[in-house]
Each structure stands twice: as structure tokens, then as C-alpha cells.
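Q: The residues making up each chain are set out below.
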Amino acid sequence: MVTAVRDLGFLWLQFVSELGRIARFGGRVLASVVTPPPRLRQFIDEIYHLGVLSLVIIVLCGTAVGAVLGLQGYNTLARFGAADSLGAVVGLSLIRELAPVLTALLATGRAGSATTAEIGTMVVTEQLDGLRMMSVDPVHYVVTPKALAMTAVMPLLSALFTVCGIFGGYLIGVRVMGLDAGRYMSSLQDAVDFHDDVLGSLLKALVFGGLVGLIATYRGFTTAPTSAGVSAATTSTVVVSSVSILVVDYFITALWGV
Amino acid sequence: MRRSPVRDLIVGCFVLAGLAAIAYLSLSVGGISYTGPTGLKISADFDEIGGLKPRAPVVISGVKVGAVESIGLADDYRARVVLNLDPALKLPIDTTASIVTSGVLGDRYVSLQPGAEDQLLASGDRIEFVESAVILERMIGKLIHNTDVGGNGDKK
Numbered sequence: 340m341v342t343a344v345r346d347l348g349f350l351w352l353q354f355v356s357e358l359g360r361i362a363r364f365g366g367r368v369l370a371s372v373v374t375p376p377p378r379l380r381q382f383i384d385e386i387y388h389l390g391v392l393s394l395v396i397i398v399l400c401g402t403a404v405g406a407v408l409g410l411q412g413y414n415t416l417a418r419f420g421a422a423d424s425l426g427a428v429v430g431l432s433l434i435r436e437l438a439p440v441l442t443a444l445l446a447t448g449r450a451g452s453a454t455t456a457e458i459g460t461m462v463v464t465e466q467l468d469g470l471r472m473m474s475v476d477p478v479h480y481v482v483t484p485k486a487l488a489m490t491a492v493m494p495l496l497s498a499l500f501t502v503c504g505i506f507g508g509y510l511i512g513v514r515v516m517g518l519d520a521g522r523y524m525s526s527l528q529d530a531v532d533f534h535d536d537v538l539g540s541l542l543k544a545l546v547f548g549g550l551v552g553l554i555a556t557y558r559g560f561t562t563a564p565t566s567a568g569v570s571a572a573t574t575s576t577v578v579v580s581s582v583s584i585l586v587v588d589y590f591i592t593a594l595w596g597v
Numbered sequence: 099m100r101r102s103p104v105r106d107l108i109v110g111c112f113v114l115a116g117l118a119a120i121a122y123l124s125l126s127v128g129g130i131s132y133t134g135p136t137g138l139k140i141s142a143d144f145d146e147i148g149g150l151k152p153r154a155p156v157v158i159s160g161v162k163v164g165a166v167e168s169i170g171l172a173d174d175y176r177a178r179v180v181l182n183l184d185p186a187l188k189l190p191i192d193t194t195a196s197i198v199t200s201g202v203l204g205d206r207y208v209s210l211q212p213g214a215e216d217q218l219l220a221s222g223d224r225i226e227f228v229e230s231a232v233i234l235e236r237m238i239g240k241l242i243h244n245t246d247v248g249g250n251g252d253k254k
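Going down the list, the protein sequences come from chains L and B. Quick note: the first sequence uses the working numbering, first residue 340, plus one each step. Quick note: the second sequence uses the working numbering, first residue 99, plus one each step.
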């Protein structure tokens with residue numbers, strides 16, 4: 340009993356100190372954003388790795404999710420004779436929730452884990468120590484471009500996901516189920532508000548991007564220098580990022596109502 | 099770091115595509131219209147607004163000309179509905195605003211019937227002539243009450 344309580348307290352302390360370490364790491368990353376020289380070329384390369392290479396999965400999943408929403412939404416709405424508002428159902432669920440959250444989850448699996456593995460391998464092969472020996476700050480040189488690129492890329496991917504989803508819903512609702520194309524688009528346009536929905540969606544995606552970027556680079560940076568360490572860090576990136584995305588999503592929705 | 103022009107081009111295309119998607123969502127889907135300080139802001143006080151919600155459409159003869167911006171309580175405890183309308187609209191001051199329902203179960207929206215006066219409503223003005231929302235339960239209640247009274251009268 341006593342050991343159980345002690346272990347629980349120890350776990351809690353560990354959790355809180357881990358949070359503190361992540362926050363300090365985030366502070367270092369933020370500070371090195373404004374530290375000259377800016378690593379612009381590296382940043383563009385990272386946008387290629389994290390954004391362009393994630394594009395295929397985002398487009399495929401976005402269209403598929405929109406198609407499923409269109410199918411399920413149509414079947415449910417048709418029961419109440421409200422099939423005309425399919426556009427509103429597909430658009431609102433995509434813009435407000437599904438696009439930012441699913442994009443962030445997919446990007447975690449596709450790009451976040453790769454980032455962790457890359458930095459982790461640099462730890463194992465002592466490349467980061469090499470940088471330190473040349474008195475180059477590894478956070479500034481390696482971590483910041485990756486974390487920053489992840490933050491910048493997420494709203495773009497989320498917007499593309501949304502557009503693909505709207506197209507997927509259109510495909511099923513209009514092409515397959517035979518709804519009127521104008522009705523689909525006009526119910527979508529009536530329901531979606533720029534300020535409440537579109538801006539909220541982009542804000543969510545931006546926050547998730549920062550979160551995934553920070554967690555992925557932190558896990559890579561603190562990898563135990565073994566091959567098992569790299570695999571553990573990669574797994575932990577996916578798990579921790581996914582859970583944080585869903586939890587933070589709840590709080591953003593509850594606080595700002597988007 | 100090696101320079102790779104093709105990759106730069108691809109990254110540029112990706113960023114452009116993302117921005118285009120954001121622009122499409124903002125302009126076409128989100129519809130940044132009737133918003134901002136340039137819109138014609140007209141308020142109207144109703145006794146009963148039923149289930150009217152912010153962002154509900156405002157129509158003239160069935161054509162959408164704006165949206166409900168906010169709903170609040172006026173000093174005399176009536177519901178003050180602020181409408182955000184197309185700034186190009188020229189509404190006479192004796193315009194009537196009524197809250198109607200699309201279909202039996204449909205959403206509430208505000209319908210405007212322009213009057214015949216020469217003077218026009220300006221931003222910040224209030225519409226004097228209003229027609230409140232019809233509450234179905236109350237109508238049924240009145241109907242039952244009336245037939246009841248009528249029945250008693252017949253007995254006498």
C-alpha cells in the first residue's frame with residue numbers, strides 16, 4: 340500500500356518534471372527562432388519533407404473522410420427529409436473538427452515520427468555532440484527549422500484536407516446520391532462562417548502543428564543513445580502527440596467554441 | 099546544404115496550393131460578406147424571436163441580403179436583433195421586419211418587406227415595424243381556448 344502511494348507520487352513528480360523539461364526545451368526553440376543567422380534553406384527543406392511528402396496521404400484521407408461523411412450524412416439526413424443540408428453537415432464537421440485533428444494525427448504518424456527518428460539517429464551517431472564541439476547550438480541548427488516547419492505546414496495541410504473532404508462529400512452526395520450541386524454548395528456556404536469556423540480551424544491546426552513539432556523534436560533530442568532508444572522515442576512521439584492533440588482539441592473547442 | 103531548384107519549386111507550389119485552399123475556404127465557403135464595418139447595421143426589437151439564432155439569413159422576397167449579427171435584450175426586455183446587411187441596399191424607413199420559418203420544422207430567418215417612404219434607413223437605425231415569430235404551441239393553445247369558448251357559447 341505504502342509502496343503503491345510512493346510509486347504514484349514518484350510517477351506524478353516524473354510527469355511534472357517532464358512537462359517542465361518540454362517547456363524549457365520549447366523556450367530554447369523559441370529563443371533560437373530569433374537568433375541569427377536564420378536557417379532559411381533548412382526551413383524550406385523541412386517544409387518539403389514534412390509538408391510536400393505528407394500531401395498524398397492528406398489528399399487521400401481527406402477525400403475518403405469527406406466521402407464517408409457524405410454517405411453517412413446523406414443516409415441519416417434523408418430519413419428526416421433534410422438531405423439538402425448535407426453540404427452543411429460535411430463542411431461544418433470537416434472545418435470545425437475533423438480536418439485539423441485528423442491532419443495533425445496523420446502528420447504525427449507520417450512526419451512527426453520521422454523527425455524523431457532522424458534527430459534520434461543523430462544522437463546515437465553522436466552528430467549532435469559533434470555540433471556542440473564545434474560550438475554550434477544543435478537546437479538552433481537542427482531542431483528549430485524542423486519545429487518551425489511543422490508549425491507552418493499544419494494549417495496548409497489542414498486547409499487542403501478540408502477542400503479534399505468537401506470534394507469527397509460532393510462526389511458522393513451529388514454524383515452518387517443525386518443531390519443538386521447548387522443545393523450542396525449553398526447549404527455549405529450558408530452554414531460556414533469565416534470568423535467562427537474557418538479562422539478557428541486554422542488556429543487549431545497552428546496549435547497542433549506547434550505541439551507535434553515540439554514533442555517530435557524533444558523526443559528525438561532526448562533519445563537514449565541506443566537503437567532501442569530511437570524506436571522507443573519514435574513510438575512515444577506518436578502516442579504522446581496523438582493524446583495531446585485530442586486533449587488540447589477539447590480545450591480549444593471548450594474555451595473558444597470553435 | 100546543396101541547392102536544389104526543383105525542390106524549391108515543389109515547396110513553392112505546395113505553399114501556394116495550401117494558401118489557395120485557405121483562400122477558397124475563406125472567400126468561397128466562409129463567405130466574408132456582409133461583415134466588417136462597411137456593412138449596413140440595422141436593429142429591430144421583437145416581442146418574440148422564437149428560435150432565431152445569430153448568423154440566420156435575412157431575406158427580401160426570398161433573396162438573401164444579409165445575416166443576423168447578434169441577438170440581445172433591449173432595455174424594455176424585448177429581443178433586440180441586429181442585422182448586418184449588404185451596404186448597397188436602400189431600405190425605406192417604413193420597412194417591416196418579420197421572423198418566419200422555412201417549412202414546418204425549418205430554421206428561423208428574418209424577412210424584410212420594404213415600404214414606400216422616400217427616407218432611407220441608415221446604419222445604426224432601428225426598424226419600427228416588426229412582426230414577431232409565431233410560436234406553434236401558443237397558436238394551438240389559442241385555437242383550443244377559442245373553440246372551447248365557442249362551444250360554451252353554443253350551449254347557452
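To be clear, the hints were calculated from the coordinates, so they are not data collected in a lab. Do not take every clue at face value.
Stated by the list, open to error - Derived DEER-like restraints, expressed as beta-carbon distance ranges: (1) Gly448(L) / Gln211(B): 37 to 45 Å; (2) Ser221(B) / Asn414(L): 39 to 47 Å; (3) Gly148(B) / Ser570(L): 27 to 35 Å; (4) Gly170(B) / Ala571(L): 50 to 58 Å.
Unchecked claim - Output of the computed footprint for chain B on chain L, the stretches with three or more beta carbons under 8 Å from beta carbons of chain B: (5) 499-505; (6) 525-531; (7) 559-573.
Idealized CB from N, CA, C, for every residue including glycine.
Q: Each hint needs a verdict: does it hold in this structure or not?
A: Here's how the hints hold up against the structure:
For the pair Gly448(L) and Gln211(B), the beta carbons lie near 56 Å from each other, so the given range of 37 to 45 Å is not met. Between Ser221(B) and Asn414(L) the Cβ separation comes to about 45 Å, which falls inside the hinted range of 39 to 47 Å. Against the hinted window of 27 to 35 Å, the Cβ-Cβ separation of Gly148(B) and Ser570(L) comes to about 60 Å, which falls outside the hint. In this structure, Gly170(B) and Ala571(L) meet the distance hint of 50 to 58 Å, their C-beta atoms being roughly 55 Å apart.
Under a criterion of three residues with beta carbons nearer than 8 Å to beta carbons of chain B, the stated coverage of the region 499-505 of chain L is upheld, 4 such residues being counted. Check result for the region 525-531 of chain L against chain B: holds, 4 residues qualifying (beta carbon to beta carbon below 8 Å, three or more required). Under the rule that three or more residues need a Cβ within less than 8 Å of chain B, the assignment of the region 559-573 of chain L is violated, with 0 such residues.
Checked against the numbered hints above, the structure violates hints 1, 3 and 7; every other hint is satisfied.
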